[in-house]
Amino acid sequence: MTPRAETTVARTVAAPRGASWLETIAVHAVFALVVVFFLAPFVWLFTAAFDGRAQAYIRLPEQPTVDIFVRIFTEHDFARALGNSVLVAGATMLLDVVAVSLAGYSLSRLDLRFKSWITYAVLLLQTMPLSATMVPIYGLAQALGLRNSYLGLILIHAAIELPFLIWLMKGFFDGVPRYLEEAAWLDGRSKLRALIEIVLPVARNGIGVVAGLSFLAAWSEVLMMIILIDKQDLKTVPLAFYEVLRTRGGYTEVQYGLIAAMGVLYAVPVMAIFFATRRMMVRGLIATSRGL
Amino acid sequence: MARVEYENVSKRFPTQDRAAIDDFTLDVADGELLVLLGPSGCGKTTALRMLAGLEHPDSGDIRIDGKSVVGLEPKDRDVALVFQSYALYPHMSAKDNIRYPLRVKHMNEAERERRVGQVAEMLSLTALLERRPARLSGGEQQRVALARAIVRQPRVFLMDEPLSNLDAKLRTHTRTELKALQRQLGTTTVFVTHDQAEAMTLADRIAVMDRGRLLQLGTPDDLYLRPVNLFVAQFIGSPPMNILAAEVRDGALLAEGTWRLPLPRGIAAKSVSVGIRPEGIELDESSPDAQVGEVLVSEPLGSETIVDVKVGGALVKVRAAPQVRPDPGTRVHLRVDPSAIRLFDTASGSAIA
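Residue numbers (the numbering used here), protein chains in the order written: chain A, 1 to 292; chain B, 1001 to 1353.
Among these hints, one or two may not hold up.
The following residues of chain B were derived to be distant from chain A, with all beta-carbon distances above 10 Å [stated by the list, open to error]:
#1 Glu1073
#2 Arg1077
#3 Ser1085
#4 His1091
#5 Glu1121
#6 Met1122
#7 Glu1140
#8 Thr1176
#9 Ala1252
#10 Arg1260
#11 Glu1294
#12 Pro1322
#13 Gly1329
#14 Thr1330
To give a feel for the contact side, a few chain A residues facing chain B, derived at Cβ under 10 Å [stated by the list, open to error]:
#15 Arg59
#16 Leu180
#17 Ala184
#18 Leu186
#19 Arg189
#20 Lys191
#21 Ala194
#22 Gly208
If you're looking for bench data, these hints aren't it; they were derived computationally from the structure.
Built from N, CA and C at the ideal position, the CB exists for glycine as well.
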């Protein structure tokens, strides 16, 4: 599976065989342009974070310094924001993995009445724009006492991504042969244990993708955090950004360096995790495009 | 150790207009190896899966050791199924695959290890135990699947075409081993296949099925020598039984308009189908009253030659000695052994008693 997947990727990237040098240059020029466009913000992020007088454009720091990083932890309590973000995104991920495993398996395997209706209804939920449901979600959270609580943020984050992830996971389960779980049943396992011990390990690439996407979505979501959290000790990383922008830390201009330093610490761990699990993620995503 | 009974079992899948299993009754004796044989779509696999608990009958009863298992979950039936695809757990080593059903039973570790070792020994898997299924050949995977079934010592073995994914040579070899193993263990076995040769060599008794119905149940000899209808006659045996259209005239049979055959006993019907096994016809050079035919082709098979002979409008296959190799176009005389003649009702296909 892996070698074939890799050659497929290689083939789409490499210039077509027999292309002239002019075409090769043109293709690479376009690639270079795209790369520059997407890489520029990161260049800014990393230069500005170490620049005591960072601006809104890219410039090399005159006197590189790590002072800004010290400041975000001492003056802005960034450790708490990071911790809160990790907690909320991590718990969202766990909740999503459990819910998506059960729901995806049900839609893939069980003989339900109106199953195709249910399946499409799930997808329909995903098309609902989040901002349109902002007011009722706020009201619900208020009524249920879920404002300013980790639980509220976790439940809502988990629910937001659920429809799409259920569809995704259903595709992975569809790819697991039925005879594997039948074999486990005959070996004496209940349906739930067969799911946990046989089907989930076989579909682990799918679980990996679901976990990754769920964590990322909760990690970078902003809107719900803004409407649900206004307590200082519950603030997450996006709220820390917001705070820096809003208060301007008592200065007259935007503290670009602070934002850049927070941005580095916000982006790097996630990129590191993705890089560490890239094989599984890529394999899973390729399987998805084939399965759906 | 168990006796298996199907009683008037019927099953229809919602997406099909014909019943998958139609009023199926069958009794499998304790320790017997029974083969369910039939073409694809005949219901043999459905019958097996109902015994496993993977499908549920619409009506009728299925019993193991006299107790109904209808409504029981697969896990509570104490039967082991070997799948056509083997269904090995891909994320576990061969050893963990074999050990899995014992782990489920919470057997203590020493006993577990002893049993796995014993079964691995029996199936020559000892050197392969640490490998994942993906690193095993088809034959090795098949043995691991068998080991996983055997290690549990279940009441009944169910086998769903377990040999069909092996190459021809390995298939014949495994067939022999499987039969010896089943004799040794003495476990009641229901074996599904579409391959009549496999059925003939393995079975104590064969149940031939077609279109969801049980057509005939009997020993391989019963089925070969006394098929109850044209379907069984043509399904069993390779090459299959020759079938000729014939008329009863003046106390004799007239096949294909010209070929006079002895009539075994008086029958009322005027037009019948005559069945003759290829070994029931002899190529004869001398007798002047024998039927004349023209050789189309000779197929030497080493131990015998199958000669295709054209008689009137029909093609007749004759089993001859290996050194007999008539050239195409040769005129030969055919003599039929009267005891080899079987008669069938042309309209219903049933054997005429």
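Checked hints:
Taking the minimum C-beta to C-beta distance to chain A, about 7 Å, the non-interface status of B:Glu1073 is violated against the 10 Å cut. The beta carbon of B:Arg1077 sits about 8 Å from the closest Cβ of chain A, which is not more than 10 Å, so the claim that it is off the interface is violated. For B:Ser1085, the shortest C-beta to C-beta distance to chain A comes to about 6 Å, within the 10 Å cut-off, and the non-interface label is violated. At the 10 Å boundary, the C-beta of B:His1091 falls inside the reach of chain A, the nearest C-beta of that chain being 5 Å off.
With a minimum CB-CB distance of about 21 Å to chain A, B:Glu1121 clears the 10 Å threshold, and the non-interface call stands. Annotated as non-interface, B:Met1122 keeps its C-beta farther than 10 Å from every C-beta of chain A; the closest such distance is 19 Å. Taking the minimum C-beta to C-beta distance to chain A, about 17 Å, the non-interface status of B:Glu1140 holds against the 10 Å cut. Even its closest Cβ contact with chain A, about 26 Å, leaves B:Thr1176 beyond 10 Å, as expected for a residue assigned away from the interface.
Here B:Ala1252 stays apart from chain A, with its beta-carbon at least about 56 Å from theirs, past the 10 Å limit. Distance check on B:Arg1260: its Cβ is at least 56 Å (rounded) from any Cβ of chain A, clearing the 10 Å threshold; non-interface status holds. Non-interface status of B:Glu1294 relative to chain A is upheld: no Cβ of that chain comes within 10 Å, the nearest being about 51 Å off. No Cβ of chain A approaches the Cβ of B:Pro1322 within 10 Å, the least distance being about 44 Å, so the stated non-interface status holds.
Distance to chain A confirms B:Gly1329 as a non-interface residue, since its nearest Cβ pair spans about 53 Å, more than 10 Å. At roughly 53 Å, the least C-beta separation between B:Thr1330 and chain A is larger than 10 Å, which holds for a residue marked as non-interface. A distance limit of 10 Å between C-beta atoms decides the matter here; for A:Arg59 the minimum to chain B is near 52 Å, and the interface restraint is violated. Hint on A:Leu180 holds. Least Cβ distance to chain B is approximately 6 Å, under the 10 Å limit.
For A:Ala184, the shortest C-beta to C-beta distance to chain B is roughly 8 Å, which falls under 10 Å, so the interface hint holds. Given the 10 Å rule on beta carbons, the hint for A:Leu186 holds: about 5 Å separates it from the nearest Cβ of chain B. Restraint check, A:Arg189 versus chain B: the minimum CB separation of about 6 Å is within 10 Å; hint holds. Hint on A:Lys191 holds. Least Cβ distance to chain B is approximately 8 Å, under the 10 Å limit.
Here the hint on A:Ala194 is kept, as its CB sits about 9 Å from the closest CB of chain B, short of 10 Å. A least Cβ separation of about 14 Å between A:Gly208 and chain B goes past the 10 Å threshold, and the interface hint is therefore violated.
Hint compliance for this structure: hints 1, 2, 3, 4, 15, 22 are not met, and every other hint is.
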